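Protein chains in written order, with my numbering: chain F, 840 to 1009; chain H, 104 to 321; chain V, 1202 to 1361; chain U, 216 to 703.
Hints in this document: simulated from the structure, not taken from any laboratory.
Hints are not guaranteed to be accurate.
[Stated by the list, open to error] Only pairs whose alpha carbons sit at most 25 Å apart, straight line, appear in this in silico DMTMM-like list of lysine to aspartate or glutamate:
| hint | chain 1 | residue 1 | chain 2 | residue 2 |
| --- | --- | --- | --- | --- |
| 1 | F | Lys-955 | H | Asp-243 |
| 2 | H | Lys-148 | U | Glu-575 |
| 3 | V | Lys-1348 | U | Glu-292 |
| 4 | H | Lys-295 | H | Asp-265 |
| 5 | U | Lys-296 | F | Glu-906 |
| 6 | F | Lys-996 | V | Glu-1263 |
| 7 | U | Lys-543 | U | Glu-569 |
| 8 | U | Lys-553 | V | Asp-1304 |
| 9 | F | Lys-922 | V | Glu-1333 |
| 10 | H | Lys-199 | H | Asp-265 |
| 11 | U | Lys-636 | U | Asp-651 |
Please read all numbers here as calculations on a predicted model, not as lab measurements.
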Amino acid sequence: MYRHYKRKSDRFGVTLVEIIVASAILAFIGGIVGHWFFLQREYQGRIFAISDAQQTIRQASWRMMQELRTARSVLFPRINADKSIRSDSKVVFKSFAGDVICYYYLASEKEIRRCKIPNGPGVPTADSEPVARNVDQLAFTASDEGNRIIDIFMEVKGTFGLESVYLINE
Amino acid sequence: MINNRQRNNRRGIAIVMVIGLVAIIVPVLYMLSQLGTSQTKLAFKYHENLLTETTALSGSNAGISRLRGNIRGYQSLTNQLIGDESYSLTLRPTGKGFFEQDLYYLLANSQIKSHHYAIMAEAEQFNPQPSPPVLVIARDYWNTVEPYEIDQVADVLSMQNDRGVDLLRLDETREYEKNATPDQYSTELLAKSSMLPAEIVPDWPEIVENLKSEKLSM
Amino acid sequence: MKKSGMSLLEIVISISIAVVIFIPAMNMFSTTGQAVFKTRNFSFANSAARRISQRLMAMPYEDIVEVPLPGIALFDAPAESFFAPFLNTSGTNSGAKNITQADMPEFYSYLVQHDFRYSLSVSNVSFGDGDEIKSVGILITWSENNKNMMYRLYVYVPSL
Amino acid sequence: MQKTEQKFYELADSLLRESGLLANRPSWINLRQLVHEFLPDLLDTDCRSHTYAILLVLLRNPEKSPERAKKLAAIIESACKSSPDELFIDMLRQLAPDDLTSTLLPQIYCTDSRGSIAVYLAAKIGLHVEPDAFQYFLTARTWQQTDLINLAFLVRPSEQLKVSTILEQAAANESSAINREIFTEFRHILFGEPPQQPLLPDIAIAASSGTVITPAPTINEDVSEDPPEVNTTARKGSSHRAQAFSSRVAPTTDAKGKKDSPGFSASILKIIETNQSALLVLFVITTIFLVATGLSKWFVSDSAESVTPPANAGKLPSHWTDSATREKITERYLAADKDYRMGELYLTRDRFSEALILFEDALSIRPDHTLALYRAGYCRLHIKDYAGARTALEKALKIDPTLRYANLLLARAAAAQLDNKGAESHFNRELELAKDPVVAEEFANFLHNTGKEVEAESLINKYQALYPDRILILTRKPDKSEKEEQRQ
């Protein structure tokens, strides 16, 4: 006879109070975690920025270094008349194949771009894609009389990149 | 005494905490840790890239030093060391020059994990004096990050072909320089000024001047 | 009758679990932060060493001499060292900039903060008649979380 | 009409104060007459309390009539929504067990407060149910501890063991963990030390905050018996209070309405009280979070603002950590390294004897310099000091068993000493470290020259398949003179 009264649906019910308690706790934890996240985002943002900056510096440096490495002569910048070093936001050199290559900093776009000027007939062509983006500062420095050393100094969001390339070809 | 409702509440809280931990914190921390690891990996890869290059360059210098010491003939040296890194060196004779000097392909290669760097150059070793050092002229260095085996004839041929494309273009530019008078040469280059990016234009005359002063004449 | 609520043991266990989970988790985060900052220093040391290695190729052979530890600081470096003068956008020597507080404050503070220095360990072998070869160990040292770090790069430089 | 009603309540009160079975009490006849003559359907909707309502039903409807059962059920269901008073409980005791099983027991299945109060009432009036009924009760809804204790009163003391056995079996066949748990808990309650009297459910306390209901001092175990002799003064007091309560509460019969206003803060307090420990844990976790936030801020901060150099700036530390290999670097380490590199410089010119001196120098500073050991072995091999070479190389391999080419040099040394077996094992070990085609080719040539053509052939084929781009060939052993010519 008792079987008659059995109501299965009641067995796993959740009461309003339980829901309120659960959501209060969830909100509490959520609030704490949210607060924590908010604080961490600042650092996370910095970390991401540094991380991106490093990647930008590495890629741009490697790209420029590889072409400069086998280049034959740096045309610009060259040391000053009084033999002091000279820096500029662009570098122009004669490549392995004898053409004139230029890497230059486009301050308005914060980009490094590359341009190839044929040593002979033909028109200069600029690469469609920049070598690097979000570059805050770029300086190429000539420091030797033989025009075979070029220093690269780059700043991306507070991260600094330093490179030098020695031209192995005459 | 723990009644059922309390037990359910506690179970609920426990579940909420576990879900909170697993669903929010763990993935975020995992992501962050990945960021750290990936950054370190990238930095290491770049470091290895640069290290292979420096090591290959040192290997090439060691090769020149060998030629100056008049250690001649077909050489294939693996596991030469600089610091903790190793390089391979191959001197491949290619014949005799005008002045009876020996001609070589000087090949140096370094490999760290998956990073390769090979430097190839032409080297001329002049006839040995009674004793070393011998005059050595190395030129037309060419580099590649392709995983060539510098002690394999086939790979060296491939490297030569790759380099040949650039050398052909070099011949063209050299021809052009040689055949033009200095004034012609500078005028033609200055004419390109209007087609250059604005950033280069102000310094273009200086650059052309430098080009002109280094123009090949013969 | 049992007492309502959790027992002390349960509380202790739950707190320990919380601590066990959160402390390493927090460490994980700070490790990540540290890893990125460490990586930045590592990359910088790497490029500083490369800068020196490349300049060694162009400088007079006899000028390549030992620089003993603790080495020369990259900031406020003496003239004619690898890092001074650093930039010069003017046409004369007077416009040269060094890595000093006045000339390059941000870069300077980064280098000072970690006390970046360089040393050179030079091994020289002479085979006679000016035929020499040097193996140069470029040592970049810096301080990171009170730890002394070192980056080493070796390069062969032959005499010409 | 009002007068008649008043008369009814007065007569009813005196009836309730009398003792004996309801129908045998002196006022019963008068009251019944009054109801039948003057109150045919009055008070059906606005009876002062559930006690009077039940009395009314009993007076009007004959025993075992379906109408009586239906009306009783409605009254009891309504009564279970509020806190029961003693008078009402006494009234229930007057009902036949049949009436109760069909009216009160079904309420036990209700998930809300009705279920709890129904159990309490059933326990209070000493109702007993069959042993096999409990498993259905227990699985029908979630049970509070208080309800379970009250439910235990519904088990006849003589049938406790039987109920326990039934529940044990039911638990064994039960798939739900919650149900199994509840069965076990109920069995524990049955055999534990039960309280002397049924416990008023929690819900009733919350709902009727402030009202005290005096429980009966003793419990009558048998329903069919006459109501027990009770202290009349106590009864009076309780009935008065109950009356006061019911008159105050009666107009708002809606249970929810009652709960809302005064009960809300109380229920919050209750939640906090009951979850005290969980909240404590939360508090601790929060603290850890906040502390950790501070810590991580400190860890991560790389304040670019500070221009102060580290305390140890410019001083010579005892050691450095290699940023790439994590090795500990001391000045001693660097001194050994310098000698070792000088040795390498001599090797660029194949000057093995001079190089060896430098490698030995390095080893005198740092005897565990693996590469110096390897190089010392290499030099000794070239100056034909095979025994010395083997010692150095074996030492290097002992420090770093994965060192490449050391086994190859050992193989060469063994081959030079005509120890073909030793050479083979070293070649094999080298190939285990890395499947180097150059080593394989050398090994194959060694096998070929020592007369093991078949092995040489199979080795070369194996490596040729591994490295299809390379050309691996078996050559005749080169003459001494040829080798010398290469060196020149």
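How the hints compare with the structure:
As the CA atoms of Lys-955 (chain F) and Asp-243 (chain H) are separated by approximately 21 Å, the hinted pair is consistent with the 25 Å bound. A C-alpha spacing of about 34 Å is found between Lys-148 (chain H) and Glu-575 (chain U), which places the hinted pair above 25 Å, so the restraint is violated. Under the criterion of a C-alpha separation no larger than 25 Å, the hint pairing Lys-1348 (chain V) with Glu-292 (chain U) is inconsistent with the structure, at around 78 Å. With a CA separation close to 30 Å, the supplied pair Lys-295 (chain H) and Asp-265 (chain H) exceeds the 25 Å bound.
With a CA separation close to 89 Å, the supplied pair Lys-296 (chain U) and Glu-906 (chain F) exceeds the 25 Å bound. Between Lys-996 (chain F) and Glu-1263 (chain V), the direct Cα distance comes to roughly 39 Å. Violation of the 25 Å bound is thereby established for this hinted pair. Distance check on the hinted pair: Lys-543 (chain U) and Glu-569 (chain U) sit about 29 Å apart at the alpha-carbon level, beyond 25 Å; violated. Of the pairs offered as hints, the one joining Lys-553 (chain U) and Asp-1304 (chain V) is violated, with about 37 Å between alpha carbons and a cut-off of 25 Å exceeded.
Annotation: proposed proximity of Lys-922 (chain F) to Glu-1333 (chain V) is violated, straight-line Cα distance about 29 Å (limit 25 Å). Between Lys-199 (chain H) and Asp-265 (chain H) the alpha-carbon distance is near 23 Å, which keeps this suggested pair within the 25 Å criterion. With a C-alpha separation of about 20 Å, the suggested pair Lys-636 (chain U) and Asp-651 (chain U) falls inside the 25 Å cut-off, and the hint holds.
In the structure shown, a violation is registered for the earlier hints numbered 2, 3, 4, 5, 6, 7, 8, 9, in ascending order.
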